[in-house]
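**Q** What follows is each chain in one-letter form.
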Amino acid sequence: MRHPSLITLLTDFGSQDAYVGIVKGVIAGINPSARIIDICHEIPPQDVFRGAYLLYTSYKYFPKGTIHTAVVDPGVGGKRDIVCVKIRDYFFLVPNNGILSFILQEELPEEIVRITNTTYFLQKSSRTFHGRDIFAPIAAYISCGVKPQQLGTHIQQLNKLDIPEPIRTKMGHIIGQIISIDRFGNLITNITKKHVRDLKTAEKYLKVTIGKRKITGLSTTYVDVETGKPLILFGSTGFLEVSVNQGNAQEYFKAGRGNKIAANPYK
Amino acid sequence: MRHPSLITLLTDFGSQDAYVGIVKGVIAGINPSARIIDICHEIPPQDVFRGAYLLYTSYKYFPKGTIHTAVVDPGVGGKRDIVCVKIRDYFFLVPNNGILSFILQEELPEEIVRITNTTYFLQKSSRTFHGRDIFAPIAAYISCGVKPQQLGTHIQQLNKLDIPEPIRTKMGHIIGQIISIDRFGNLITNITKKHVRDLKTAEKYLKVTIGKRKITGLSTTYVDVETGKPLILFGSTGFLEVSVNQGNAQEYFKAGRGNKIAANPYK
Amino acid sequence: MRHPSLITLLTDFGSQDAYVGIVKGVIAGINPSARIIDICHEIPPQDVFRGAYLLYTSYKYFPKGTIHTAVVDPGVGGKRDIVCVKIRDYFFLVPNNGILSFILQEELPEEIVRITNTTYFLQKSSRTFHGRDIFAPIAAYISCGVKPQQLGTHIQQLNKLDIPEPIRTKMGHIIGQIISIDRFGNLITNITKKHVRDLKTAEKYLKVTIGKRKITGLSTTYVDVETGKPLILFGSTGFLEVSVNQGNAQEYFKAGRGNKIAANPYK
Chain E
1 MRHPSLITLL TDFGSQDAYV GIVKGVIAGI NPSARIIDIC HEIPPQDVFR GAYLLYTSYK
61 YFPKGTIHTA VVDPGVGGKR DIVCVKIRDY FFLVPNNGIL SFILQEELPE EIVRITNTTY
121 FLQKSSRTFH GRDIFAPIAA YISCGVKPQQ LGTHIQQLNK LDIPEPIRTK MGHIIGQIIS
181 IDRFGNLITN ITKKHVRDLK TAEKYLKVTI GKRKITGLST TYVDVETGKP LILFGSTGFL
241 EVSVNQGNAQ EYFKAGRGNK IAANPYK
Chain G
1 MRHPSLITLL TDFGSQDAYV GIVKGVIAGI NPSARIIDIC HEIPPQDVFR GAYLLYTSYK
61 YFPKGTIHTA VVDPGVGGKR DIVCVKIRDY FFLVPNNGIL SFILQEELPE EIVRITNTTY
121 FLQKSSRTFH GRDIFAPIAA YISCGVKPQQ LGTHIQQLNK LDIPEPIRTK MGHIIGQIIS
181 IDRFGNLITN ITKKHVRDLK TAEKYLKVTI GKRKITGLST TYVDVETGKP LILFGSTGFL
241 EVSVNQGNAQ EYFKAGRGNK IAANPYK
Chain P
1 MRHPSLITLL TDFGSQDAYV GIVKGVIAGI NPSARIIDIC HEIPPQDVFR GAYLLYTSYK
61 YFPKGTIHTA VVDPGVGGKR DIVCVKIRDY FFLVPNNGIL SFILQEELPE EIVRITNTTY
121 FLQKSSRTFH GRDIFAPIAA YISCGVKPQQ LGTHIQQLNK LDIPEPIRTK MGHIIGQIIS
181 IDRFGNLITN ITKKHVRDLK TAEKYLKVTI GKRKITGLST TYVDVETGKP LILFGSTGFL
241 EVSVNQGNAQ EYFKAGRGNK IAANPYK
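Residue numbers (the working numbering), protein chains in the order written: chain E, 1 to 267; chain G, 1 to 267; chain P, 1 to 267.
Warning: the hint list may mix true and false statements.
The list treats identical chains as one, so a pair stands whether inside a single copy or across any two.
Under the rule of at most 30 Å between Cα atoms (straight-line distance), these lysine-lysine pairs were calculated in the DSS-like manner [as the list claims (entries may be wrong)]:
(1) 204 - 124
(2) 160 - 214
(3) 214 - 64
(4) 124 - 212
(5) 214 - 60
(6) 193 - 160
(7) 60 - 124
(8) 86 - 200
(9) 260 - 170
(10) 79 - 214
(11) 160 - 86
(12) 200 - 64
(13) 147 - 64
(14) 86 - 212
(15) 64 - 254
(16) 194 - 124
(17) 124 - 64
(18) 193 - 124
(19) 212 - 79
(20) 124 - 86
(21) 194 - 79
(22) 79 - 207
(23) 194 - 260
(24) 170 - 86
(25) 147 - 229
(26) 200 - 124
(27) 254 - 194
The set of hints was computed from the structure by calculation and includes no laboratory data.
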């Protein structure tokens, strides 16, 4: 692995306060040449699931050695651990609260270190802003070449969220659910290409039911259907998505995260 | 032109997802020393007109050689082209959907290349996230010194939006419209200094009518009038603006984009 | 002081326009190697008090030599001055409108320069966008090594806001107020550890009254109480905060900035 120097930030800190800027200031004070890229700061407060999903969809697109720092941390200041996890040539600096769950469905961690070495914390650490006092300086020191094993003690297990899996009914239907809704109102489900392949149906006969409405036939991009019309496709994350061409599927279907989506062959 | 290394991003990706971060990750993976500056990511979904306006008001303020990457792209994955356009020592990497229209009112492109060389695309490109799969890597390669002609084939014409022009009535009045409303509620019109000069009236006698309300006399800055009072001035973009000193003209006048604004000499 | 090269930006420009991007473009054109970090751009329009609070809570976390550029500037284009102020090895480039008030409660400026040297302004400066035309180029030139005294003339005094101080009642109670509400709904008051020490009560007997509700006992972090329950603690800024564990105290208490908070020993 080459010497890491890129740090990403994914938090629920929002943009109305100075919290993100402060975190960057601390990093710049320790490693002035560290490069910082924001993945997202608009995670709804304490929404670890959404943080886990966005981290999963983005981490691979960064260069190897990147230090992904994810602070969605409802347990801040309590007994939860902060861990540094090495997966596929990436470092993850996260609270041990399940925020790596989507990634751990596909990858095994090479190394997990529970961070205890206060030498690398900010002096006079608070118990309410670990982003500033622990995550920022630790990320900066890793970017300077500090090794995970210098940060604390190895542990074997990570906490995981309960990631919903699609189920298969006796009739052979797949019942998945919406796991993410993006800015454009696209409804991203937990149904993958593998699930659909198992249905053994031609793409043009794939039928999706959302509420009382049905969409038949898999599209390959939004403009495959007329403006304002709904469609289904495998989106850029690899999951089945329900969209509306140049519209908003969330509004069109009045849908929310967790809503069920059924997929089955059209008869 | 000096070796370009600054990349700007202007998109409708918003801030609630990881899309912008992913684009930056891809760029950093190809050119770790490329500098990236966000122009705006809060373009309303698919609002090419607003993207065109913001790009026009900002592009000149960047150093020569900057690669302006604008992804407001309702036609993503369809037949629309992606083009690299060289204008006044700047590169523009954009869908060919009119997003350069405001700029093309003032400037002629030196070179237009339709991007077809998939060598520079991300492997396994999707048809729904060209920001990640095409725009990001191409921008990064241009910042590494790849020339536009290496990206595809030259074309002669760019698509253009229908940019509204003020009209002149028989009575000699100018009827313009609001083309942009900013965060402060300033109402930016398509009326320029030239249009007002043609009215041949003293600045203090210039009268603007918006809805049923009138403002007389051109100000030079907001505090020329009392707090809470409306005014007209030529704003930082060069267009006639309707503002309220330390207030919000959009709320004051209940105005929206496209609303008509008349300008004429006061009698 | 080492050669400065980090510039921070704190503005009320928001994210829907291109204003912040333009400011960065101007800086990059003058000093391509200047590093820029955003502190916050979502200050409500013209809310100098909030800008002052956020600048105070963040400035120290940046490396020495940082050029803090704060543009919350209701008087833009009018008679207010723009000043460069040196405090504790930091540069502050601000309108002279009180935005340093919180900092000046703790620190004395070493040097105050009223900026008048138009050599360092953008050519053809507007009177409505000094962020682009004056603040950006001046910050960039300071980052290139230009000294404050080259920018204008020394002055002795800075304008200050009226920062509310807690008062002490005859009964020995402290009456403070909410000075900031963050993204998480935490209610940050102007009551400090010193004020509470003066109450001479054990931490577990400290009682806070907000509206008709009372909270007794000082917590050290959010998870000290059950999920959804309110608490009081000294937050990461050093001020007494009213919070709800994994909830939103602003909604819980229907509180707003300026609301009174009483603190007194529990009997």
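**Q** What hints, given by number in increasing order, does this structure fail?
**A** Violated hints (numbers, rising): 2, 3, 4, 5, 8, 12, 14, 15, 19, 24, 25; every other hint is consistent with the structure.
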